[in-house]
Amino acid sequence: MEQPTEIALETIGDVALFDIKSDVTALSEPFLDDAYNKAVDQSAGKILFKFKEDVYINSGGIALLIQILAETKKNNQQAGITGLSDHFKKIFNMVGITKFAKIYDNVEAALGQMSGGD
Amino acid sequence: MNVKEQMVRRLNSHAVEVSLPSKLGYERIAMDCSASFAKMAGFAQDRIEDLKTAVAEACLNAIEHGNKGHPDTRVLVTMNFKDDRFSVCVKDNGKGIPRIPADKTVMRRIENLEPPKGLGTYLIKQLVDEVEFNNLTADGHTVKMVIKLTDKPLSLGKRQASGGTTN
Numbered sequence: 001m002e003q004p005t006e007i008a009l010e011t012i013g014d015v016a017l018f019d020i021k022s023d024v025t026a027l028s029e030p031f032l033d034d035a036y037n038k039a040v041d042q043s044a045g046k047i048l049f050k051f052k053e054d055v056y057i058n059s060g061g062i063a064l065l066i067q068i069l070a071e072t073k074k075n076n077q078q079a080g081i082t083g084l085s086d087h088f089k090k091i092f093n094m095v096g097i098t099k100f101a102k103i104y105d106n107v108e109a110a111l112g113q114m115s116g117g118d
Numbered sequence: 001m002n003v004k005e006q007m008v009r010r011l012n013s014h015a016v017e018v019s020l021p022s023k024l025g026y027e028r029i030a031m032d033c034s035a036s037f038a039k040m041a042g043f044a045q046d047r048i049e050d051l052k053t054a055v056a057e058a059c060l061n062a063i064e065h066g067n068k069g070h071p072d073t074r075v076l077v078t079m080n081f082k083d084d085r086f087s088v089c090v091k092d093n094g095k096g097i098p099r100i101p102a103d104k105t106v107m108r109r110i111e112n113l114e115p116p117k118g119l120g121t122y123l124i125k126q127l128v129d130e131v132e133f134n135n136l137t138a139d140g141h142t143v144k145m146v147i148k149l150t151d152k153p154l155s156l157g158k159r160q161a162s163g164g165t166t167n
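Protein chains in written order, with this note's numbering: chain A, 1 to 118; chain B, 1 to 167.
These are computed hints drawn from the structure, not numbers from a lab.
There's no promise every hint is true.
[Said to hold, decoys possible] Below, simulated DSS-like cross-link-like pairs (lysine-lysine); rule was C-alpha separation at most 27 Å, straight line:
1. K23/B <-> K144/B
2. K74/A <-> K104/B
3. K73/A <-> K104/B
4. K52/A <-> K68/B
5. K104/B <-> K90/A
6. K102/A <-> K125/B
7. K68/B <-> K90/A
8. K148/B <-> K99/A
9. K23/B <-> K74/A
10. K89/A <-> K144/B
11. K90/A <-> K95/B
[Claimed, not checked] Covered stretches of chain A, going by a simulated chain B footprint (3 or more residues, C-beta under 8 Å):
12. 22-32
13. 40-54
Where is the CB? At the ideal position from N, CA and C, for every residue including glycine.
Only chain A is shown next, with the shape it has when bound in the complex (with noise of 0.2 Å):
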């Protein structure tokens, strides 16, 4: 019934777009891990998490998306975030994810702004 995370990394500049195909649960765990340390490997500055509109995001995935907000903290990473439908919009806001991680409307828009550094 669960389908595995497919997470397709992309390095942009100095951003790192994680553009995640599937649906986000607590059985991602594994693969954004994978993803993060790709990115701290290459040395990322900047991590981009692009969403499907019609992900299915769970609590679990909410919580792992916040372990690793907390590393992109640790290790002075800027995040973002682009894709989500408003309804995922309006829980990310309601749960605080945003005072982490800027929402932008689509990957071009969070290029040009985490480039310029914001």
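Got chain A; can you put chain B on it based on the hints?
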């Protein structure tokens, strides 16, 4: 009849029951079913999304904590639409949630970027109009949730009879 159809049972014209195995991932069947039912009842898409998340989190708690993933157990999800109220009961075989963290405790942990215990119950409380945890009976524990219809539509029966659809 496919697996999904075998899990869903119509109780009457206003109620259906979904019986899920206690296995992570199956909460999506209850989510999809509640979304379809709420759409038929005339709920707006944003409220349907709220309902899906609340149903998913209640089912996840039931699977993981109530039934502890035991393969011989089921999670029963009953959905009922009546008088502009969409109610969902999620029943497991457990003994309830001993300590539901306060909202401010959950938020404080997130602000400190610590793993937030109780995030599922926090989300449910934020997304539904009414929720009752810890309804305990001899055979288990039930979470009851209600989402109210804000824009009054045609009744479910009239909508079905007219074949109308809404978004």
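Results for each hint:
1. K23/B <-> K144/B: holds, 21 Å
2. K74/A <-> K104/B: Status holds; Cα separation ~24 Å.
3. K73/A <-> K104/B: Since the Cα atoms of K73/A and K104/B sit roughly 22 Å apart, the hinted pair holds (cutoff 27 Å).
4. K52/A <-> K68/B: Status violated; Cα separation ~31 Å.
5. K104/B <-> K90/A: holds, 18 Å
6. K102/A <-> K125/B: holds, 25 Å
7. K68/B <-> K90/A: violated, 30 Å
8. K148/B <-> K99/A: Violated, at roughly 30 Å.
9. K23/B <-> K74/A: Between K23/B and K74/A the Cα gap is close to 35 Å, so the pair fails against 27 Å, i.e. violated.
10. K89/A <-> K144/B: holds, 26 Å
11. K90/A <-> K95/B: violated, 32 Å
12. 22-32: Contact hint for the region 22-32 of chain A vs chain B: holds, 3 residues under 8 Å.
13. 40-54: violated (count 0)
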